[in-house]
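Peer 1: Spelled out, the chains give:
There are 2 protein chains.
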Amino acid sequence: MERLVRHFQEELDVLKTRLLEMGGLAEERVRHAVQSLADRDFGLIEAVLAGDEPVNQLHIEIDDRVLKLLALHQPVAADLRAVMAAVKINTDLERVADLAVNIAEAAKRYAQHPPVKKLIDIPRMTDIAQAMLRDALDAYVKGDVALAQHVLDEDDKLDALKTQIFRELLTFMLQDPTTIEPALDLILVSRHLERIGDHATNVAEDVIFMVSARDVRHHMPEADLERG
Amino acid sequence: MERLVRHFQEELDVLKTRLLEMGGLAEERVRHAVQSLADRDFGLIEAVLAGDEPVNQLHIEIDDRVLKLLALHQPVAADLRAVMAAVKINTDLERVADLAVNIAEAAKRYAQHPPVKKLIDIPRMTDIAQAMLRDALDAYVKGDVALAQHVLDEDDKLDALKTQIFRELLTFMLQDPTTIEPALDLILVSRHLERIGDHATNVAEDVIFMVSARDVRHHMPEADLERG
Chain F
0 MERLVRHFQE ELDVLKTRLL EMGGLAEERV RHAVQSLADR DFGLIEAVLA GDEPVNQLHI
60 EIDDRVLKLL ALHQPVAADL RAVMAAVKIN TDLERVADLA VNIAEAAKRY AQHPPVKKLI
120 DIPRMTDIAQ AMLRDALDAY VKGDVALAQH VLDEDDKLDA LKTQIFRELL TFMLQDPTTI
180 EPALDLILVS RHLERIGDHA TNVAEDVIFM VSARDVRHHM PEADLERG
Chain W
0 MERLVRHFQE ELDVLKTRLL EMGGLAEERV RHAVQSLADR DFGLIEAVLA GDEPVNQLHI
60 EIDDRVLKLL ALHQPVAADL RAVMAAVKIN TDLERVADLA VNIAEAAKRY AQHPPVKKLI
120 DIPRMTDIAQ AMLRDALDAY VKGDVALAQH VLDEDDKLDA LKTQIFRELL TFMLQDPTTI
180 EPALDLILVS RHLERIGDHA TNVAEDVIFM VSARDVRHHM PEADLERG
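Sequence order for the protein chains is F and W. Using numbering that gives the first Met the number 0, the letters of the first sequence map in sequence onto residues 0 to 227. Using numbering that gives the first Met the number 0, the letters of the second sequence map in sequence onto residues 0 to 227.
Treat the hints as calculated values from the structure; they're not laboratory data. Incorrect hints may have been included.
Any copy will do: because identical chains look the same in the list, a pair fits if it lies in one copy or spans two.
As the list claims (entries may be wrong) - In silico DSS-like cross-links for lysine-lysine, where the CA-CA straight-line distance does not exceed 25 Å:
#1 Lys-67 / Lys-117
#2 Lys-15 / Lys-141
#3 Lys-116 / Lys-15
#4 Lys-87 / Lys-67
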């Protein structure tokens, strides 16, 4: 029994390590996508567009590890919640990597036009979204509810920046119709970055549910529990 | 043993029924949101914005049922894959309901301006996305891989309509700057509908993985397996 328990913990640790790797890859793809947008770097754009295979492989591998872990060790209570959180986090990270592709697609269109403006708020949104993702994964590995709560709080900053970017670009579009098409792509990129923050929020919520007892989850303020 | 097995199947059937209910609710919310946009119906807009509690409750309940099912019955192989699919489908349906809120928010802004045009393609996208979602859930309940594959094929139609809507609205915006703001909201709505199709695609992929053996999944064409 003692041996089986230790074995489960070891397997769970491997699972967490793989999720961290996947988070690192997804984060890097987002960073490259935004960099390709800012630098109008076609080589980097194509690299992001073509480079999602490692993340997809990890996505399949992690799901596979979860199925084996559940079938072999049949965990319950907190252990089971940790494994279920891994399933959800795995999905969120795969979506984040998908959003890097969406950003690179926008970058490719954007580079066909003269730049609308120097990018300031989009790199800022990127930094915040990445930090949220990193903190959320860190909170998962450490079971750190306070850090998960911090991630939830950060989401407001992304939302404010998204609104600011929209207003600023709308002004450009109204003044000069030639900026409409490229400005639309910047607006879309800001939405993609907002969604990356949403995925970090999902991970943070999973962490809170994983660590807390079920009743705590049900008594949480609705806004923190369900983004719906 | 016989009794336990039957009990698991009964519990799984309840789980499937609840997922269908949730799918029905999510679909209805999307339909109402698009209707509120087309009819400029502020009452319906507010109803959609305020009405996500039933979906959130079901979301929590289904996750809870899954944890109990796994802890009590410790399913393996196909049964385990069916339960894991339920977890993922639950998340996808909650996101679909969230997107109804996003559409209603766009409807609220859109109704502040004169209508840009009569809506034709957005209702068409809505019909396709809803049918995809319904078929995907149907495929899950029946374990119907052919139907799941049909859902994956339908996604191209949504993509084509989204591109068509974008081009048409861009023309409006270039000709008349007063349409820029409301046209942007229609573009966003078309993106939200595309994402609903993406969630239906996720469900269909889960069904294919659930029914197929693992090796089949690994040999599937990448495009069908990973949307990345």
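Peer 1: Hints first: check each against the structure and report whether it holds.
Peer 2: Results of checking the hints against the structure:
1. Taking the shortest Cα distances, Lys-67 and Lys-117 never come within 25 Å of each other, neither inside one copy (49 Å) nor across copies (53 Å).
2. In the homo-oligomer, the alpha carbons of Lys-15 and Lys-141 lie at most 25 Å apart inside one protomer (10 Å), although the nearest pairing across protomers, at 34 Å, exceeds that limit.
3. In this homomeric assembly, Lys-116 and Lys-15 never come within 25 Å of each other (Cα to Cα): the closest approach is 41 Å inside a single copy and 51 Å across copies.
4. Taking the shortest Cα distances, Lys-87 and Lys-67 sit within 25 Å of each other both inside one copy (16 Å) and across copies (17 Å).
Going down the numbered hints, you'll see the structure goes against 1 and 3, while the others check out.
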